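Top to bottom, those sequences are chains A and B. Read in order, the letters of the first sequence are residues 1 to 312 in our numbering. Read in order, the letters of the second sequence are residues 313 to 817 in our numbering.
Just so you know, the hints here were simulated from the structure itself, not pulled from any lab data. Please note: incorrect hints may appear among the correct ones.
Mimicking SDA-like on lysine to any residue, the simulated pairs with C-alpha atoms at most 20 Å apart in a straight line are [to be verified]:
1) K797/B - M84/A
2) K780/B - M84/A
3) K277/A - A437/B
4) K734/B - Q754/B
5) K716/B - H460/B
6) K797/B - P80/A
7) K478/B - Y253/A
8) K277/A - K716/B
9) K141/A - G473/B
10) K277/A - K780/B
Predicted model only: the values in this text are computed from it and were never measured.
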Amino acid sequence: MNIARNITEVFTRARGNRRRKRINLTPYLFLLPGVLLFLAWTAYPLLKAFQISLYDWNPIPGQVSAFIGSANYTRAFSDPVFWMALRNTVMYAVVTVIGQMFLGLTVALMVDQVVFARTAFRTIYYLPVITSWVVISILFKYLFNSNPSGLVHYLMVDVLHLLPDYVPWLSNAGTSWVAILSLGIWKGIGWSMIIFLAALQSIPVVFYEVAAIDGANKWDRLWRITLPLIRPTLIFVLVMLIIGGFQAFISIYLITGGGPLQRTEVLLSYMYNQGFKYMEFGYGAALSYMLAALIFGVNFIQIRFLQERIEY
Amino acid sequence: MHKKQWLTVIFILLLVAVTAAQCSSAQPTVDTSALDAAKAAAAASEAKVAEANAKAATAEADAAAAVNAGADELAAAQATAEAAKTEAESAVQAAEEAKAEAEQAMSAVEAPAEEGPVTITFWHAYNEVSPENEMLTGTLIPEFEAEHPNIKVESLSVPYGEFRQKLLTSMAGGVAPNLIRADIIWVPELANLGALAPLDEIMPDFDTYKAKVFSGPLSTNFWGGHYYGLPLDTNTRVWFWNKEMYDEAGIAAPPKTIDDVIAQCAAIKALGDDKYVFADGGTYAWAVLPWIWSFGGAITDPDVTTATGYLNGPETVQAYEFLLKFYKDGCMAPSVLGSGVDAGTGYAQDLYANYIDGPWMYPIYEGQFPDKQLHATLMPAGAGGSVSVVGGEDIVLLQQSPNKDAALEFIRFTLSPEYQTKMAEVGQLMVLNELVKSDYIQNHPYYGIFLEQLKTAKARTPHPAWTKMDEIITNAGQSILREEKTPQQALDDAAAEIDALLTSK
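For reference, chain B alone in the conformation it holds in the complex (with noise of 0.2 Å):
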């Protein structure tokens, strides 16, 4: 063999052994187990306390039982309350010690942490070039890195269709991100995985933060009895109408109730065959639920044990006989099918008289139609009243990331007012209860409607499989709609399948 020949086997062998080489070499990994044992110690020490402070207790209670028993037995007990009482505070000494100690650890471990940057990665479905990332990696997270110099925050969008998939593929390689600003229905399922850390146990404020913001929103975050995040924004679903189309076909007042909403019906049709009364864009359960909930349907029992009988009730069946009697005689739009234009768009160029949308639709217009005025009331009332959807999205932390007390800080920081307010500037309504009294909410010049319609808008069914609960529903409008099965009997089917997926998790 020549020698050139054994030159090109070591060349590629060479760079085999780097390519392998750079692929393996992990990120470097702080040896946190100095740590884990100084708070394993002071936990147990803190146990220690409480134990000594029972027994205190214990000990002083039976004192005092004994005051009405007698003086021999009273000078007994006063005696065990007096040695218990020395032991506790011994204890409590003790505790106070290992404490310290503990603290110490920590600081010491954590301290080469913090001598560098620590960076800290933020994900969100954001569109790369909208207002509102704009504003966060523009204005919010410089301001942030500022006060915090040893904290550096990259932030990354991620298109929303593709974030989960994204998400689980970066957590199965174990490079996952440190927050993520999520839809708030996967809350539920995440954190089902394992994949996200319950902050009521490791953000030491949590409570501070739980008093602050709305409880809806914070109700999103509650999976299998503990808070897995904080709500970062909310929103949820409005009726718009469309004055020109209402002035043009004699309609006085926007709807106050759904058979308000039939009754334009004709007076619609009249201005031409390809103008409808309403459009949306599916029937997804974003897309219907506010009809559910205002006729006073439901999809799942309140505990969601079962589907059957709510999402198959009388009063669910109605909702969809309404839906597809509307749909048969011109009046919902066929975008509800995917075809024709979509409700947005043709609200703007006066071929829908309503659709029901969020916040999020005001800068939109302003960028596409600025000449379209968009009217907001609320969603018409039924028989369940006048419900609509609760959206938004949560920040989550997630349990395999590094450098959880950074990410904290990022989470302690986005719920600030200034942030809060900020983003609320670029279309995204805050989760802040010391907000709504605010002068900017209170001189807005929509967040008022939207914060009406939320005090009665439900969240939908917080579980795991909802993704999958979803395409079902979405299925069965599609088959109640393409008149292949009856509304009863696409909602039994459902409702079978759904019940089947309460019961297997």
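Only chain A is shown next, with the shape it has when bound in the complex (with noise of 0.2 Å):
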């Protein structure tokens, strides 16, 4: 105890004894260990990571990293794989954003309306969401499998008959991507569900009781009341949604591993390759922080321009 007060007395002094104010030390000790476990796991990998990316970078401890400067991020821009994984990430990120939230909005408008059994609905839409993106991209590389006895291609040609014939889902770029695609989707319906379901449970009732006086119907309440109400929530929801999107990279590199030909390479997978496949750690690194500074653009441009308050 008298230690603190010693401690909060110095401070106090130090800023020239106008007026005692007591500087408690007890919620900063409190904090402190989160923060050296952040300082340690995050603030210094991230230094670190930006140190590796001016080198041409050699792991094995001892041995000497030729400094290069700026190469690295030059040399991105003039490596065709790099824009094409760029442009991948962009369409991923794209395609997966809107599905999710189109779907998450609808399955959530759906169990809204439940009654019976809301729990076990939301419960069961959840469950992708929890399961293992490992497990769950290898369940993926099965159900597509190139060979006849594939589920998919059981499901879409022997039963459905909805495909002509047989398809080698993984060995070409654009039927290697419906795999990824609907599995990034699938997997991300439940989370914004659950999302969207607290914040439409958050409108005052009211507001629809009043709207169905003055006439309105289903599709104007949607459009004029819950929308425009969670517009909050649909903000935050892409936000989040996009850095998950920006940052695919499990279910890519099991399924595909960026190919063939590379042509399902995402930044975060090719960052991974130029790393651990080819030891480019610098360039790798280098890749790694181009990606943080585009999430960091896109967020700041939707943050900026998306968000207004509003008040019920």
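Make one complex out of these two single chains by using the hints.
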């Protein structure tokens, strides 16, 4: 106790003793463990990665790495695979974000109407979210097996006759994306549903009652009451999903590995391959910083232009 | 503030401190400075001996020359020679003393390490439940540990696909294993990173082992003037032909030449639309190199300075034109672009009449398709002969690992006839010259054909950037078979890309 008071006094004296203001150290002490962990596991790797991105990095301790300045960054601009990965990343983000938001909202609106066994529906839709990415990715790889015995083949060709012939799903970039994107959307619906559901339930029922008296139909109520009122939630979900979309990795790495011909490579899988496949850790670190800048920029624009205060 | 709060704070701080202490508690390290000093002294005295010997030799030579010149000079020269000799002798004596001292120092440093059992770690990519792993961990390692009670060997199965990543992470963290069984194609890359200890420098009896092993596999350990490992096992791919399908199609004998292979097309396709003459798993170098080489082509020049004129030379282009036509005619299975049934399974199910693969297929078939017989012959010959690709693994010692002497002892054990024969029983083709004539090999049902194919087989390009080169070759093959580029165009592009890699490092 005394020590804390002494330190506090030192602080207050240093400020010129104009106003005796006690600084309570207790909250800072409680923060300390978290801050230490943050410094060790987040801040340090961040700075270290930046350092690595400026070198032709040799990962072996004791070996000399050559400082090459911004060469790793400029290299990306003349690297065709980088541009392909960037395009794929943006495409993945756009398609999966729209898909997850649309389907998530639809499901949320439906579950919101359900009176009987709502928790059960919520749980069922949320299950894919808590399932491991790795397990699901490997599962999808099997579902989209190129063999005629693959489950998707069986359903689409033999049972439903939707496809005229077997498709070598994972041998072509276009059809590989079908598998990757459908996984990305399917797995994310539950998460946006839960958030939307919470927002829907926070809208006072009285608005709908008033609207009904005014003669608004269901469609009007959705467009004029529900959507405007959950706008902050929409923006929150949009931002979070875009961050997630830009960080797509596990599904792509496990289902196609970036192939064929590196055509399903996204920024993270390309970064990973640079580091652990080609041992180009400097270039990989530079790519990670470029991805971070991209995410930061996109989210900055979103928050800047979409966020408005709303009042009930 | 309440006492309770303080107690909580102190408790949390303690927890953090304990965690941090556990994280940072490094492994106890042996103080090797004395050993290093002793070694340096020994090296210096050896240099002195050499110098003195050289002096004595020159003096003697002078004396010999002086014989022709005259008596006076002869006497003088002899005196010099005598003096030089005594000098040399005393130097030798001093050197020996220094050496003895050094040895004493070395044993003093090493002794504490040998008191308790030393643990060495060995990583390999044998499947955890494979017969290879059972043989290694169930029979061979216990045998080694019984012979060397002071050494414990910890073996770890790391899947091939994750091996390099796991190794890199552990090296970056300073906790690399002592020994790894490295794919022969990783060795230049790891050596170039400075990860490997040069065996020819730190293993006193390296030359003995160098002479014992096949020279082809040995050469895969050579990078930048040093040998960084010793071969552990070797293999190559041979031509498997499906007798049941041959009989059904009326094909009399396995192909001797690539033209014979092409000639099978009509007969095999007549058996059914889903039957194929040949199947492979992709367009990576391991798959296409036997074709490229048998056509007389190459990836680079022999000195690995350029790919232009080799990868896009007429012979290599011809090889790819053959593969493209074979694929378009429906004679090569779509598995080459990653769809349909894989080669080994398709052969067992009588879908594929031929495929190329290594000796590990025999144990796999015993387990999965016990009713299907594998028939092997040499790779069909083209203008370049019958040339397949050398595979296999080397055993390498990590530079940063402690207990190098114990690890070297295990390397010696892996090159014993005992170890090599035992591993051969589970499908690992041995690398010892002395075993080729052994009864085991002479009576073996299928190793003979692999040893025969190995005589002409070639190794993939030894270069640190091989992984990238392989990717370039894979992509070139893909764009050719997908008809996005002509063979010439795709190979021109690939050669330019590989040239850039060759000049940058």
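(message) Run through the hints listed earlier and report the numbers of any the structure violates, in increasing order.
(response) Of the numbered hints given earlier, the structure breaks just one, which is hint 8.
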